[in-house]
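Asker: The listed protein sequences correspond, in order, to chains X and E.
The numbers in the working numbering rise by one with no breaks, and the one at position 68 of the first sequence is 74.
The numbers in the working numbering rise by one with no breaks, and the one at position 153 of the second sequence is 159.
Careful, some of the hints might be misleading.
To be verified - Computed list of lysine-lysine pairs in BS3-like fashion (alpha-carbon distance at most 27 angstroms, straight line):
1. E:K108 - E:K76
2. X:K93 - E:K162
3. X:K162 - E:K93
4. X:K93 - E:K108
5. X:K93 - E:K76
6. E:K93 - X:K108
7. E:K93 - X:K76
8. X:K108 - X:K76
No lab work stands behind these hints: they were computed from the structure.
As the structure is a prediction and not an experimental result, all values here were calculated from the model.
Number of protein chains: 2
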Amino acid sequence: MAAVPIYRAPVQPAWIDYNGHLRDAYYVVVLSDAIDALMERVGIGAAYRERTRNTLYSLEMHMHWLEEVKASDTLEIEAVVLGADQKRLHIGCDVRVARHPKPVATAEFMLLHVHQGATPGAAPFPPEILAGIERLRAEADGSDWAGPRSRELALKRR
Amino acid sequence: MAAVPIYRAPVQPAWIDYNGHLRDAYYVVVLSDAIDALMERVGIGAAYRERTRNTLYSLEMHMHWLEEVKASDTLEIEAVVLGADQKRLHIGCDVRVARHPKPVATAEFMLLHVHQGATPGAAPFPPEILAGIERLRAEADGSDWAGPRSRELALKRR
Chain X
7 MAAVPIYRAP VQPAWIDYNG HLRDAYYVVV LSDAIDALME RVGIGAAYRE
57 RTRNTLYSLE MHMHWLEEVK ASDTLEIEAV VLGADQKRLH IGCDVRVARH
107 PKPVATAEFM LLHVHQGATP GAAPFPPEIL AGIERLRAEA DGSDWAGPRS
157 RELALKRR
Chain E
7 MAAVPIYRAP VQPAWIDYNG HLRDAYYVVV LSDAIDALME RVGIGAAYRE
57 RTRNTLYSLE MHMHWLEEVK ASDTLEIEAV VLGADQKRLH IGCDVRVARH
107 PKPVATAEFM LLHVHQGATP GAAPFPPEIL AGIERLRAEA DGSDWAGPRS
157 RELALKRR
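In isolation and in its complexed conformation, chain X is listed as follows:
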């Protein structure tokens, strides 16, 4: 297991819903902030974005909610690199809280490197960002990340 801690956020009272637990969508709000922290780590922080007009767009995400999270919890996000090519980055995330030994949620993100020109379009990562991704992968190798993983959702028809 080589997931690395990248972000943490205490649950905010407004995020608790009528079920008395963290509303599903706010796991994603925290994960989105965690992806920002990950971008910073690989060199796609504010300075890079302003200088190059390059950024990451989220293409796709698969989320598993595994345990309820309560108002007193703090979410801790750990990430692994599941894959990367010249312009895409595939990240796995575990969402943890201190009182549970296993993740309370997992998520996979597929992210695209985009140049925000007149029309935004996919752009290859420059060498320094590829190097940043490789540094993160060395630290956070996803080759044995347990998940649960993304998949086709399906139910037998009644």
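With chain X fixed as given, assemble chain E onto it according to the hints.
Answerer: Using the frame of chain X, we list chain E on its own:
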């Protein structure tokens, strides 16, 4: 195409991120509110929840972000029933804005009917909720819903 409109929400200024568009996670915040509206439609509204202590939990979600959404847009959520069994409900959602002919995002949710007793646990839908789901399915049949659909995320390793 039989998706039915279930919810709409104007984009809030705080939901726009450093990329100048709706942050990925806030599509999910609006979708989560849309699932509440859908629950109300099938009979799992506040009165039912208080009377029975039954509710829906989100198990899993797969999201595709297809187009940028701007501060001036209003999100319109349409839903279809993709499947149901005695305690689970599989829903497909299109996220639309007026200026695009096609969805700007799609999402699938797998939802579980839960009784919140001393320990929350899966519970079968009572007949009146099954009837509500069948009424929604008659109106919002997902058998030809185009998606894009949930799937295993993968990238060739560099």
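Asker: Take the hints in turn and mark each one as holding or not.
Answerer: So, going through the hints one by one against the coordinates:
1. E:K108 - E:K76: Satisfied, since the Cα-Cα distance of roughly 16 angstroms is no more than 27 angstroms.
2. X:K93 - E:K162: Judged against 27 angstroms, a Cα distance of about 12 angstroms means the pair holds.
3. X:K162 - E:K93: The given pair, whose Cα atoms are some 12 angstroms apart, holds under the 27 angstroms limit.
4. X:K93 - E:K108: Holds, because 25 angstroms separates the two Cα atoms, which is no more than 27 angstroms.
5. X:K93 - E:K76: The given pair, whose Cα atoms are some 24 angstroms apart, holds under the 27 angstroms limit.
6. E:K93 - X:K108: Holds. K93 (chain E) to K108 (chain X) sits at ~25 angstroms (cutoff 27 angstroms).
7. E:K93 - X:K76: holds (24 angstroms)
8. X:K108 - X:K76: Roughly 16 angstroms separates the two Cα atoms, so the pair holds.
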